[in-house]
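S.K.: Here's the letter readout for the chains.
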Amino acid sequence: MKGKEVMDTQNISLLEGRQKQVYEKTAGAPEGDIACEKTSLSGSVSQRACVFCGSRVVLYPVADAIHIVHGPIGCAAYTWDIRGAVSSGPELHRLSFSSDLQEMDVIYGGEKKLYKSLIELIDQYQPKAAFIYSTCIIGLIGDDIDAVCKKVAKEKGIPVLPVHSEGFKGTKKDGYKAACNALMKLIGQGSTEGISKYSINILGEFNLAGEAWIIREYYEKMGIQVVATMTGDGRIDDIRRSHGASLNVVQCSGSMTTLAKEMEEKYGIPYIRVSYFGFEDMSKSLYDVAQHFPERPDIMEKAKEIVRDEIKQYYPEMQKFKAALTGKKAAIYVGGAFKTFSLIKALRTVGMSVVLAGSQTGNKQDYKNLKEMCDEGTVIVDDSNPVELSKFILEKEADLLIGGVKERPIAFKLGVAFCDHNHERKIPLAGFIGMYYFAKEVYESVMSPVWQFAPRKGGVK
Amino acid sequence: MLLRHTSKEVKEREGLTINPAKTCQPIGAMYAALGIHGCLPHSHGSQGCCSYHRSTLTRHYKEPVMAATSSFTEGASVFGGQANLLSAIETIFSVYDPEVIAVHSTCLSETIGDDLQQITKKASDDGKIPEGKYVIYASTPSFVGSHVTGYANMVVGMTEQFAVSTGEKNDKVNIIAGWMEPSDMREIKSLASRLGVKIVLFPDTSDVLDAPQTGKHEFYPKGGITIDELKTVGDSKSSIAVGCITAEPAAVALDKKCKVPFETVDMPIGLSATDRFIMALSKAGGVEVPAELTAERGRLVDVMADMEQYFYGKKVALFGDPDQLMPLTEFLLDLGMVPKHIVSGTPGLRFEKRMKEILERAPGANFKNGPQADMFLMHQWIKNEPVDLLIGNTYGKYIARDEDIPFVRFGFPILDRIGHSYFPNIGYAGSLRLVEKILGVLMDQQDRTALEEKFELVM
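Chains H and S, in that order, give the protein sequences.
Last residue of the first sequence: number 461 in full-length UniProt numbering, and the count goes up by one each step with no gaps.
Last residue of the second sequence: number 459 in full-length UniProt numbering, and the count goes up by one each step with no gaps.
Just so you know, the hints here were simulated from the structure itself, not pulled from any lab data.
Some hints could be false.
[As the list claims (entries may be wrong)] Below, a list of computed lysine-lysine pairs in the DSBU-like style, where the Cα atoms sit at most 35 Å apart:
1. S:Lys383 <-> H:Lys112
2. S:Lys356 <-> H:Lys116
3. H:Lys177 <-> S:Lys397
4. H:Lys261 <-> H:Lys368
5. H:Lys25 <-> S:Lys62
6. H:Lys128 <-> H:Lys426
7. H:Lys426 <-> S:Lys437
8. S:Lys397 <-> H:Lys128
9. H:Lys156 <-> S:Lys11
10. H:Lys20 <-> S:Lys121
11. H:Lys177 <-> S:Lys62
12. S:Lys11 <-> H:Lys150
13. H:Lys322 <-> S:Lys62
14. H:Lys396 <-> S:Lys222
15. S:Lys222 <-> S:Lys257
16. H:Lys345 <-> S:Lys62
17. H:Lys151 <-> S:Lys11
18. S:Lys397 <-> H:Lys112
19. S:Lys62 <-> H:Lys440
20. S:Lys11 <-> H:Lys154
21. H:Lys426 <-> H:Lys371
22. S:Lys222 <-> H:Lys328
23. H:Lys396 <-> S:Lys62
24. H:Lys116 <-> S:Lys11
25. S:Lys8 <-> H:Lys151
26. S:Lys353 <-> H:Lys112
27. H:Lys371 <-> S:Lys62
28. H:Lys112 <-> S:Lys11
29. H:Lys185 <-> S:Lys11
30. S:Lys397 <-> H:Lys116
31. S:Lys368 <-> H:Lys156
32. H:Lys128 <-> S:Lys368
33. H:Lys173 <-> S:Lys62
34. H:Lys38 <-> S:Lys122
35. H:Lys38 <-> S:Lys133
36. S:Lys383 <-> H:Lys128
37. H:Lys116 <-> S:Lys353
38. S:Lys62 <-> H:Lys20
Put together the whole structure using the sequences plus the hints.
M.R.: Now the structure itself:
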């Protein structure tokens, strides 16, 4: 028996061909851009997903539409209720619908089955719209889903939207684009009557654990009308009239900038990028919106009042967390790069530094910004994998990893605290109260007594 | 509440599946491959497949699950994935250094016609597979079968591609493990050792997906059957396939290739199935059942008897995978319970036939498997004829909550609890645990809903 036990990830070198996607900020480090926006190397243990995944996560929270995955069962099964995007009303999005293609369908085409499935579904649920996701195999067998959608839309009188999300046609980002295309077909279809001049759409906020509700309330308190949230707690009718809003406020820029740009082009709606994580960014996202309506100084006044009141409420608790966390180190590996910026700032407010910062889908500008923002010695990675993550976490002696489902057990195996900043978070991390929850979660995980039993850094204490 | 989305009226659906009671083949292949020591599963398709499978296995086992992907792009889908797989094999051996790469296909690579056997041979001919290292494969298109058959296919792959016959038999018995938990595989090893039968168990995910914390992230945890052991299975005197759907195909393949006679038994869930498993093992090993095991069995029977009044006549809805459902249904019948609604997304005539035999003892039971046998149908059935207990994987929690039914988690995947991979679900010990769990939820429900004057201290 060969002694593979010694093969821990510290002993595995960086993947060849990945060196350019990893950068350590040190004096004398080579200048130049971090390689990104490229497909992963064949054979790598990548943490990334596919085009379908991108479309699915963006459109998923639209709660009064049916979402049908056209393809074999897997794609539907794995995305059944995995994103904790909550709804204040209908919950159609949480069901898993699939045409469940079988071998014969693959040979003879799945259009008929899709058509029948759609009719059955629409009759049963009377949804406001239907999204049809085409998976890998649909792209290959060449089902004309556009034609099926058109036909059903005509027969049933609701929007039936094809989402071209064949997994192999690019990266998760291309899935975002496909989702935005589908949304764009809805926008402009509804009446804009009754929409105030002081109105916004919230884009790239998916209402995980109810975050959109928190954000919406701040804006409404400021006297701003929120026309549509795309797509958290989303409703088809709101999306259809969202072109009546005066401003688009984009949080998850990776997923929704495309849509914001198209809306700007077609409907002349400007957009701003914001983030709702951390006191600093949350405040700015309120001020930036207020600034957009200079003729109404009361909006800014109200924004300032909200910021003042909220921070006052959470500040004392935060100081307690900060006292305990100061000097601790964090590693961040999340989907979107923009999230990383906010997390770095948020961690700094509780006294923590960041030793590893990475994303699955960052672009050149994102990484440029990251380089500027990070401290000396921080490692910056694009499209990372478990080998690199655990290697750097141990080398840099991180006390905390912030990531998603596949990163969680890696942190725990290493004996490092963890905070989920992905689909599976159970508590809202956005907004002022979200920052409090975030700090609390980080504090509780880092301070957990369990780590005293963990053989950290390879040796039993 | 998803309740309002389920209608009571059951209508025949032509194509649509709502809330599936299955998933696709590749995840089964990935799980089986993890039961070989030093193996890196490889998904030949788009990145998403690999990512979803790793995520689901991670959620179920709370362990890091490693697997590589061919990362198909549009180009690969047009020109075939051979180049991707060849370069993947090179990358994997040079960086991750596994003993073996276990490649499984996806619906994408199957449809474009990638021939894994041919590509693997080419990799070998081109010298891309280092000396003493291996690449095995299984064809697992997602539009055929389910996660269950994917598991079976990969076990066939490891048998066919590793087993050799030297012409000299040894005194070992192969135990081919159907899809079960690491804890179950550990229990099988323990049972065999208590019986005094020398076995070779494969696949074996114990110590792989229930690994201890070491402070390191180990790419290849210490568990799993080694390649050297796998090679010897052709010389074993016989095989026992544990599960006719997930294990028997490998036993058949081994018999065909190396003339190893086999017996297939149900997965040892419940009293009768465990009895049959123990008898098969004692027969194959030529040993007597030790008193200690008989006593363990006696304790299970004792508890079943002590508690019979709480089981008798209780209606149960259950869903899951064939190899678990068959013995589980039998066990419920042995307990005096009434299996009422049974659903499995996995298709298969043999499964259907055997379930019908078992259900002869439960007249009026609803059973459906294959397409449109889904959780929506299960919910509709329950609405029309309520039950006292629901048994199945995590997805049952929606129905359990909506209908306020006591719920026991059993099967794959269990995303929201722990225990399934640490405590056995099979054998007398596992069956006792199952009895305890069922009683626990039934009694909890009774305590929760009893009238004030009927609320009692004792059972």
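S.K.: Now, for every hint given, state plainly whether the structure supports it.
M.R.: Consistency of the hints with the structure:
1. S:Lys383 <-> H:Lys112: holds (30 Å)
2. S:Lys356 <-> H:Lys116: holds (30 Å)
3. H:Lys177 <-> S:Lys397: holds (34 Å)
4. H:Lys261 <-> H:Lys368: Measuring from Cα to Cα gives roughly 22 Å; hence the hint holds.
5. H:Lys25 <-> S:Lys62: holds (33 Å)
6. H:Lys128 <-> H:Lys426: holds (28 Å)
7. H:Lys426 <-> S:Lys437: Within the cut-off at roughly 27 Å; holds.
8. S:Lys397 <-> H:Lys128: Roughly 27 Å between the alpha carbons, so the hint for Lys397 of chain S and Lys128 of chain H holds.
9. H:Lys156 <-> S:Lys11: holds (20 Å)
10. H:Lys20 <-> S:Lys121: Holds, at roughly 33 Å.
11. H:Lys177 <-> S:Lys62: holds (32 Å)
12. S:Lys11 <-> H:Lys150: Status holds; Cα separation ~26 Å.
13. H:Lys322 <-> S:Lys62: Roughly 30 Å separates the two Cα atoms, so the pair holds.
14. H:Lys396 <-> S:Lys222: Since the Cα atoms of Lys396 of chain H and Lys222 of chain S sit roughly 26 Å apart, the hinted pair holds (cutoff 35 Å).
15. S:Lys222 <-> S:Lys257: At roughly 29 Å apart (the allowed maximum being 35 Å), Lys257 of chain S and Lys222 of chain S satisfy the hint.
16. H:Lys345 <-> S:Lys62: Measuring from Cα to Cα gives roughly 30 Å; hence the hint holds.
17. H:Lys151 <-> S:Lys11: holds (24 Å)
18. S:Lys397 <-> H:Lys112: holds (33 Å)
19. S:Lys62 <-> H:Lys440: Holds - the C-alpha atoms of Lys440 of chain H and Lys62 of chain S are around 23 Å apart, at most 35 Å.
20. S:Lys11 <-> H:Lys154: Within the cut-off at roughly 24 Å; holds.
21. H:Lys426 <-> H:Lys371: OK: Lys426 of chain H and Lys371 of chain H at ~31 Å, within 35 Å.
22. S:Lys222 <-> H:Lys328: holds (32 Å)
23. H:Lys396 <-> S:Lys62: holds (24 Å)
24. H:Lys116 <-> S:Lys11: holds (13 Å)
25. S:Lys8 <-> H:Lys151: The hint holds at about 29 Å.
26. S:Lys353 <-> H:Lys112: holds (31 Å)
27. H:Lys371 <-> S:Lys62: Measuring from Cα to Cα gives roughly 33 Å; hence the hint holds.
28. H:Lys112 <-> S:Lys11: Roughly 19 Å separates the two Cα atoms, so the pair holds.
29. H:Lys185 <-> S:Lys11: holds (33 Å)
30. S:Lys397 <-> H:Lys116: holds (29 Å)
31. S:Lys368 <-> H:Lys156: holds (31 Å)
32. H:Lys128 <-> S:Lys368: holds (32 Å)
33. H:Lys173 <-> S:Lys62: The hint holds at about 28 Å.
34. H:Lys38 <-> S:Lys122: OK: Lys38 of chain H and Lys122 of chain S at ~28 Å, within 35 Å.
35. H:Lys38 <-> S:Lys133: holds (30 Å)
36. S:Lys383 <-> H:Lys128: Holds. Lys383 of chain S to Lys128 of chain H sits at ~26 Å (cutoff 35 Å).
37. H:Lys116 <-> S:Lys353: holds (30 Å)
38. S:Lys62 <-> H:Lys20: Distance of about 32 Å is within 35 Å: holds.
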